[in-house]
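Colleague: Kindly produce the complete structure, drawing on both the sequences and the hints.
So the sequence lines, in the order shown, correspond to chains A and B. 65 is the number that this note's numbering gives to position 65 of the first sequence; each next residue is one higher, with no gaps. 120 is the number that this note's numbering gives to position 120 of the second sequence; each next residue is one higher, with no gaps.
The hints are all genuine.
Here are the simulated lysine-lysine pairs, DSBU-like style, with alpha carbons at most 30 Å apart:
no., chain 1, residue 1, chain 2, residue 2
1, B, K62, A, K98
2, B, K78, B, K98
3, B, K78, B, K5
4, B, K62, B, K98
5, B, K13, B, K62
6, B, K78, B, K111
7, B, K111, B, K6
8, A, K2, B, K78
9, A, K2, B, K5
10, B, K78, B, K6
11, B, K83, B, K6
12, A, K2, B, K6
Derived from the structure by calculation, the hints contain no laboratory data.
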Amino acid sequence: MKFGIQINEGPYTHEASTTALNFVSAAIEAGHEIFRVFFYHDGVNNGTRYTTPPQDDRNIVNAWSELAEKHDIDLVVCVAAAQRRGIVDEGEQERNGKDGNNIAPGFRISGLGQLIEAGIQSDRLVVFGD
Amino acid sequence: MSDTKKFLFVNRKAPYGTIYAWESLEVILISAAFEQDVSLVFVDDGVFQIAKGQDTSDLGIKNFSPTYNALGDYDINKIYIEKESLEARGLTVDDLLKLTYEDEDDDWAEKDSIHVVSSAELVEIMDQQDVVLSF
Numbered sequence: 001m002k003f004g005i006q007i008n009e010g011p012y013t014h015e016a017s018t019t020a021l022n023f024v025s026a027a028i029e030a031g032h033e034i035f036r037v038f039f040y041h042d043g044v045n046n047g048t049r050y051t052t053p054p055q056d057d058r059n060i061v062n063a064w065s066e067l068a069e070k071h072d073i074d075l076v077v078c079v080a081a082a083q084r085r086g087i088v089d090e091g092e093q094e095r096n097g098k099d100g101n102n103i104a105p106g107f108r109i110s111g112l113g114q115l116i117e118a119g120i121q122s123d124r125l126v127v128f129g130d
Numbered sequence: 001m002s003d004t005k006k007f008l009f010v011n012r013k014a015p016y017g018t019i020y021a022w023e024s025l026e027v028i029l030i031s032a033a034f035e036q037d038v039s040l041v042f043v044d045d046g047v048f049q050i051a052k053g054q055d056t057s058d059l060g061i062k063n064f065s066p067t068y069n070a071l072g073d074y075d076i077n078k079i080y081i082e083k084e085s086l087e088a089r090g091l092t093v094d095d096l097l098k099l100t101y102e103d104e105d106d107d108w109a110e111k112d113s114i115h116v117v118s119s120a121e122l123v124e125i126m127d128q129q130d131v132v133l134s135f
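Modeller: See below:
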């Protein structure tokens with residue numbers, strides 16, 4: 001089965017992202033396909049490489065990056081939500097005249113249409129949030 | 001895109017206090033551009049999102065409720081309100097925005113987009129959808 005995933009919460013305040021990470025790993029292990037993971041609302045905060053949790057805590061951002069690289073998963077951060085919350089890639093840095101960028105490896109910034117497309121193209125869209 | 005699916009947006013939270021309602025409305029408006037079969041549900045404190053007479057001038061937050069009036073022009077005209085949620089908050093349909101659309105199959109007659117449904121009816125509506133997004 002082809003899954004689309006929507007994540008509405010940041011990496012640490014809510015468990016949503018960790019649960020989604022576990023779900024995606026299990027789905028791939030069971031032979032399913034992940035069409036796309038779309039980060040919305042505070043979920044965009046899963047996509048900053050500046051995240052530095054204590055050493056004895058899990059690094060959820062790195063976990064997403066590693067999973068994406070290993071299984072070629074499309075991780076998309078909503079541009080409108082990202083702009084509000086300071087998640088920046090090189091293109092956004094240039095467009096908005098920022099002095100740096102912070103997007104984590106394996107993530108890309110794109111529009112809300114990518115979420116609707118995930119709903120259209122996937123057999124199931126699963127929402128993780130509050 | 002030729003595939004048409006039934007999309008249901010479930011709005012559960014109050015309009016201010018968190019950003020969920022506003023960012024949900026942004027997705028809803030984008031979905032209209034994809035020519036999908038879109039329905040909206042307002043349940044729990046989500047019913048306050050379409051309460052009429054909203055005034056946010058003391059909050060320093062934009063009152064985005066007038067945007068709901070545009071939904072009819074985007075062919076989004078199936079808007080379901082859970083009856084139990086309204087009653088639990090002492091509201092009736094008269095406390096809500098009057099959301100309408102012009103029915104192109106009926107000589108552009110102006111019709112109500114809002115339907116008050118019971119929680120049992122809502123279960124049926126959700127069961128008929130292809131994609132359910134909750135906010």
